[in-house]
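> Full structure from sequences and hints, please.
First to last, the sequence lines map onto chains A and B. For the record, in the first sequence the residue sitting at position 198 is 198 according to the numbering used here, with numbers rising by one throughout. For the record, in the second sequence the residue sitting at position 239 is 239 according to the numbering used here, with numbers rising by one throughout.
Hints should not be assumed to be uniformly reliable.
Repeated chains share a single entry, so a pair holds when one copy, or any two copies, can fit it.
[Claimed, not checked] The list that follows gives simulated cross-link-like pairs (lysine-lysine, DSSO-like), each with its CA atoms no further than 27 angstroms apart:
1) Lys228 with Lys151
2) Lys171 with Lys95
3) Lys228 with Lys16
4) Lys95 with Lys228
5) Lys9 with Lys28
Since the hints were derived computationally from the structure, they do not count as laboratory data.
The lines below spell out each chain.
Protein chains: 2
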Amino acid sequence: MSSVIELLKSHRSIRKFTDQAIPPELFKDIVQAGQAAATSSFLQGATIVRVTEAEKRQKIAELAGGQAYVASAAEFMVLCADLKRAGNYCAQYGKSFEGDYTEQFIIATVDVALMAQNMVTAAESEGLGICYIGGIRNNPGPVSELLELPKGVYPVFGLCLGYPDQDPEVKPRLPVNVILKQEVYNEEGDQTAIAEYDERIREYYRTRSGGGHGISWSEQVSTLLAEKSRPHMKGFLEGQGFKFR
Amino acid sequence: MSSVIELLKSHRSIRKFTDQAIPPELFKDIVQAGQAAATSSFLQGATIVRVTEAEKRQKIAELAGGQAYVASAAEFMVLCADLKRAGNYCAQYGKSFEGDYTEQFIIATVDVALMAQNMVTAAESEGLGICYIGGIRNNPGPVSELLELPKGVYPVFGLCLGYPDQDPEVKPRLPVNVILKQEVYNEEGDQTAIAEYDERIREYYRTRSGGGHGISWSEQVSTLLAEKSRPHMKGFLEGQGFKFR
Chain A
1 MSSVIELLKS HRSIRKFTDQ AIPPELFKDI VQAGQAAATS SFLQGATIVR
51 VTEAEKRQKI AELAGGQAYV ASAAEFMVLC ADLKRAGNYC AQYGKSFEGD
101 YTEQFIIATV DVALMAQNMV TAAESEGLGI CYIGGIRNNP GPVSELLELP
151 KGVYPVFGLC LGYPDQDPEV KPRLPVNVIL KQEVYNEEGD QTAIAEYDER
201 IREYYRTRSG GGHGISWSEQ VSTLLAEKSR PHMKGFLEGQ GFKFR
Chain B
1 MSSVIELLKS HRSIRKFTDQ AIPPELFKDI VQAGQAAATS SFLQGATIVR
51 VTEAEKRQKI AELAGGQAYV ASAAEFMVLC ADLKRAGNYC AQYGKSFEGD
101 YTEQFIIATV DVALMAQNMV TAAESEGLGI CYIGGIRNNP GPVSELLELP
151 KGVYPVFGLC LGYPDQDPEV KPRLPVNVIL KQEVYNEEGD QTAIAEYDER
201 IREYYRTRSG GGHGISWSEQ VSTLLAEKSR PHMKGFLEGQ GFKFR
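Laid out in structure tokens, this is it:
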């Protein structure tokens, strides 16, 4: 196994950081490593808004559901799907903008995620810790106002970077055979494998530092899908120009 | 700069592969490195369908717009956003399934992309080359039928893996200052920077092996956004149960 594969397998989210700043050259390297990820149709449909102002950080921390590390991490940024930058050129080349299809929403969203995951790997390879902040989608409108995001741009998630001040365990993932299918989608054996995995996750929550709720994977994730999850997202996105045509 | 950052920055898509197979243990490591990526709300909403049957590979190559390397790469798989696996447990815990909101679509799609990019980094760290195949969204219905994808599952993109039989250049990315904003979204200076970048891209296409069309970045991407891009996606996704509520 390469050391890179070991690095990837050792990922865990960090929610407590030291005060140590990230050197500017390293920060730039991390962003450029992000940019080097594949991008669909060469769109480069991701934009990063780096937030350093303490008051703005504090507001976003609250808007994200009270996540203090948004304010305290060495770096916090919002990763945005951006169809505006490319869309600006439609008029210049005498074309009309048609970038509000579901497909283009997917392309830009995937571009952001690929870039972000490269940034995460780059950061972790230098001893930094990271935490994705999906919680900004609790209040995407106010977050977008704070960052002055124009139409054609939406905040997909935030990202905290900093030097770790904690050392949590790696959280076990589903057995490979459950997520890897051969030739066709087939659920044979999944229920048994997931039942065993559920036990491992209960144990993980029971024993990890900080204690835990002892809830299984299947119970947790079924809750997510039994919720009207962030039902404001559709209207918010349409307002930003993503029309899901 | 860490060797990992150098590795990330050296990415380019590979579209010509040798016959060499990928050792099964390495393939499994690559998948597990993918699984180790962050996952929103612990959903683990990504499923891989690995395709080895030659005839099926050939069909998917055609459905993706005639991309021969889909058939010839050592490994080809389709990465799917999967709300079914978790959704199965709603009934078991006495809850009704509400997993058809735009938010849950985003969560699962991002999960797939984060996993995929970790797989790509793992693969490239072992000397493999990769190519994402967004072209499967040309014909998502027929691809889903071939793979027997049930409701709650959709194919986000394909991924080819194999040992490279070509050595293309790295494609220059937008200047960092264009994609990295400070505090707010601000386009100051972008037009000038993009004009210079456009020249670099024209030059890249003119000089790269295989020749090229000499088209600028802005012209290329404005074309993408002036198209009714894969207008079937919305209807296809709704049919798979992603209702964009």
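> If a hint holds in the structure, say so; if it does not, say that too.
Each hint, compared with the structure:
no., hint, verdict
1, Lys228 with Lys151, "both (25 angstroms within a copy, 18 angstroms between copies)"
2, Lys171 with Lys95, "between (49 angstroms within a copy, 26 angstroms between copies)"
3, Lys228 with Lys16, "neither (30 angstroms within a copy, 45 angstroms between copies)"
4, Lys95 with Lys228, "between (39 angstroms within a copy, 12 angstroms between copies)"
5, Lys9 with Lys28, "both (24 angstroms within a copy, 12 angstroms between copies)"
Violation of the numbered hints given earlier is confined to hint 3; every other hint is satisfied by the structure.
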